[in-house]
Amino acid sequence: MDDAPVIDEPIDAEPPAPPPSGIAYRHRLPTRLWHWLNALTVFIMLMSGLMIFNAHPHLYWGQYGANFDHPWLSFHGRPIPGWATIPSTYNLAAARRWHLAFAWLLSVPLILFLVTSFLNRHAQRDLAPTGEEVKPSHIWHDIREHAQLRFPTGDAALRYNILQKLSYVGVIFVLLPLMVLTGLAMSPAMDAAWPWLLDLFGGRQSARSIHFICAGLLLAFILVHLTMVLLAGPVNEIGSMITGRFRVPPSVGEEA
Amino acid sequence: MINRRRFIATGTSGLLLGGCDRLNNSAQFRGVLRSAEKLTMASQRLISPRDALAREFRESDISPIFRSNGTRVPGTDEYAQHAAEQFANWRLQVDGLVTHPLSIPLRALRTLPHKTQITRHDCVEGWSAIGKWHGVQLWRILQHAGLSTRAKYIVFHCADRFGDKNYYESIDLVDAFHPQTLIAWGLNGHLLPIPNGAPLRLRVERQLGYKQAKYIQRIEAVASLAGIQGGKGGYWEDNVDYEWYAGI
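In order, the protein sequences belong to chains B and L. For the first sequence, the working numbering assigns the number 1 to the initial residue and increments by one for each residue that follows. For the second sequence, the working numbering assigns the number 1 to the initial residue and increments by one for each residue that follows.
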């Protein structure tokens with residue numbers, strides 16, 4: 001990767017610094033491909049997963065859990081409405097076909113992306129928070145800026161800010177791997193092949209509960225993410241995730 | 001720009017909601033989804049030692065009540081007669097591609113060497129129950145019968161009916177010869193209750209609940225599943241499109 005042309009390096013790597021209000025190369029091809037594949041896959045996984053949840057809308061902790069046991073979350077009937085499920089009318093078999101097919105499109109590219117982003121140092125360079133950034137004063141400053149809808153301009157707009165870093169790291173390195181591993185822990189054949197899955201999550205029904213909680217957190221991330229894209233300028237943001245090129249907002253000083 | 005935004009928004013939701021249902025109705029697309037079942041089975045078999053054991057639990061892990069599902073009492077007169085006789089005349093047929101077809105009286109089956117295992121039953125719906133099973137390892141029965149080298153699948157024909165169809169299930173030889181695969185006659189220290197499959201049911205511990213055929217009357221060794229009922233290897237597989245390989 002070191003001998004790649006400059007244009008293939010994320011702009012925040014090192015100087016040469018971009019012109020403050022120019023076009024910068026922001027997202028590399030693996031990031032863009034993976035982003036749009038996930039944009040489709042995650043929705044299909046969430047919606048087919050909610051249909052599967054409709055089959056037994058009760059969650060338990062521990063190794064076992066069924067109708068005579070004590071759920072920590074329980075609904076009557078089929079709680080998830082048709083507009084939120086795949087397919088839209090009750091069909092456990094079809095939902096499983098969708099879920100277990102698209103699970104491959106979620107998990108294999110996830111592994112490839114994790115490996116790639118360590119090898120090309122995307123993880124270390126762009127996603128890992130620096131020591132300075134994780135200071136409470138810095139995080140608090142960023143929260144206040146976000147709350148006032150003041151977004152970074154100039155050079156700062158080319159780096160992920162700390163709230164972005166924490167949410168991307170949380171999703172890529174924690175939530176998505178947890179989704180896959182808790183999913184596997186629900187498979188009786190996987191539990192025989194990899195018994196540590198049961199020990200890791202404290203049982204199949206605990207794994208199922210964690211799977212559901214992580215799905216909820218993922219949905220929350222998507223809602224915040226889409227809101228931020230809209231607030232930060234959807235054309236530039238979406239465009240940069242398609243072409244890789246990002247129009248750098250002029251810094252405040254220049255604008256004035 | 002508003003138009004573009006609206007286009008993206010309606011396009012996305014339309015694609016997701018209407019499109020998925022339309023795709024789901026396309027036989028071709030369902031075929032693509034179905035190919036994932038073979039991929040999953042091949043991958044799980046690749047990473048599993050052939051005899052990788054399902055977790056066996058402690059007595060204290062047993063579910064207070066083992067939930068039954070599907071048929072709770074087979075509704076035929078014939079079964080009612082057997083139940084009234086406490087299954088004294090129940091026999092297990094073993095036939096198909098075997099050198100010595102068998103007809104084993106239930107009493108004789110219960111005197112064969114048996115195995116006890118505390119394992120977890122996972123329903124396709126999502127719930128799990130842990131129970132202690134007592135039964136004969138299937139490989140012993142198949143060994144008595146002398147399985148032909150042409151046999152590829154073991155089919156379990158059951159006494160319960162859904163409408164005009166008999167319940168049945170099937171597994172391949174990897175699972176049939178697995179040390180935890182039992183023809184079970186007992187649950188939690190008692191003879192099998194009727195809702196849990198009396199007098200005989202299958203335990204195939206690395207697959208989901210609908211594979212654990214209850215009320216078994218006949219075991220048939222076959223080279224292909226094509227000629228049996230709907231040809232997909234099981235009642236739910238034929239009628240609802242559940243996966244034949246239910247390892248996940």
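It is possible that some hints are incorrect.
What the hints assert, rightly or not - Far from chain B by the CB rule (all over 12 Å, computed), these chain L residues: (1) Ser48; (2) Val73; (3) Gln93; (4) Leu97; (5) Ala129; (6) Lys152; (7) Arg161; (8) Phe162; (9) Gly209; (10) Arg218; (11) Gln229; (12) Gly231.
Unchecked claim - Sample of chain B residues facing chain L (criterion: CB under 7 Å; computed from the structure): (13) Ala55; (14) Asn67; (15) Leu100; (16) Lys165; (17) Gly202.
Claimed, not checked - Restraint ranges, calculated between C-beta atoms of paired labels, are given here: (18) Pro101(L) x Ile213(B): 44 to 54 Å; (19) Thr89(B) x Leu46(L): 34 to 44 Å; (20) Pro101(L) x Leu219(B): 54 to 64 Å; (21) Gln28(L) x Thr89(B): 18 to 28 Å; (22) Glu56(L) x Ile111(B): 29 to 39 Å; (23) Ile213(B) x Arg140(L): 21 to 31 Å.
Since the hints were made in silico from the structure, they are not lab data. Small disclaimer: the values here were computed from a predicted structure and weren't measured. A virtual CB, placed ideally from N, CA and C, is assigned to each residue, including glycine.
>> Does the beta carbon distance between threonine 89(B) and leucine 46(L) stay inside 34 to 44 Å, or does it fall outside?
In response: Holds, at about 36 Å.
> So is glycine 209(L) really clear of chain B, every C-beta pair being over 12 Å apart?
Replying inline: violated, 9 Å
> Should the interface hint for alanine 55(B) be scored as holding, given a Cβ-Cβ cut-off of 7 Å against chain L?
Replying inline: holds, 4 Å
> Is glutamine 93(L) truly not at the interface, in the sense that its beta carbon sits beyond 12 Å from all beta carbons of chain B?
Replying inline: holds, 28 Å
>> 44 to 54 Å was suggested as the range; check whether the CB atoms of proline 101(L) and isoleucine 213(B) agree with it.
In response: Since the Cβ atoms of proline 101(L) and isoleucine 213(B) sit about 53 Å apart, the hinted range of 44 to 54 Å holds.
> Is the nearest CB of chain B more than 12 Å from the CB of glutamine 229(L)?
Replying inline: Nearest chain B Cβ is 17 Å from glutamine 229(L), so the label holds.
> Is it the case that valine 73(L) keeps its Cβ farther than 12 Å from each residue Cβ in chain B?
Replying inline: holds, 18 Å
> Closest CB-CB distance from arginine 218(L) to chain B, is it above 12 Å?
Replying inline: Answer for arginine 218(L): holds, closest chain B Cβ roughly 25 Å.
>> Beyond 12 Å on every Cβ pair: is that true for arginine 161(L) relative to chain B?
In response: holds, 20 Å
> Closest CB-CB distance from serine 48(L) to chain B, is it above 12 Å?
Replying inline: violated, 4 Å
> Going by Cβ atoms only, is lysine 165(B) closer than 7 Å to chain L?
Replying inline: Since the shortest Cβ distance to chain L is 27 Å, the answer is violated.
>> Verify the CB-CB distance for proline 101(L) and leucine 219(B) against the hinted window 54 to 64 Å.
In response: holds, 56 Å
Hint violations for this structure: numbers 1, 5, 9, 16, 17, 23, all remaining hints satisfied.
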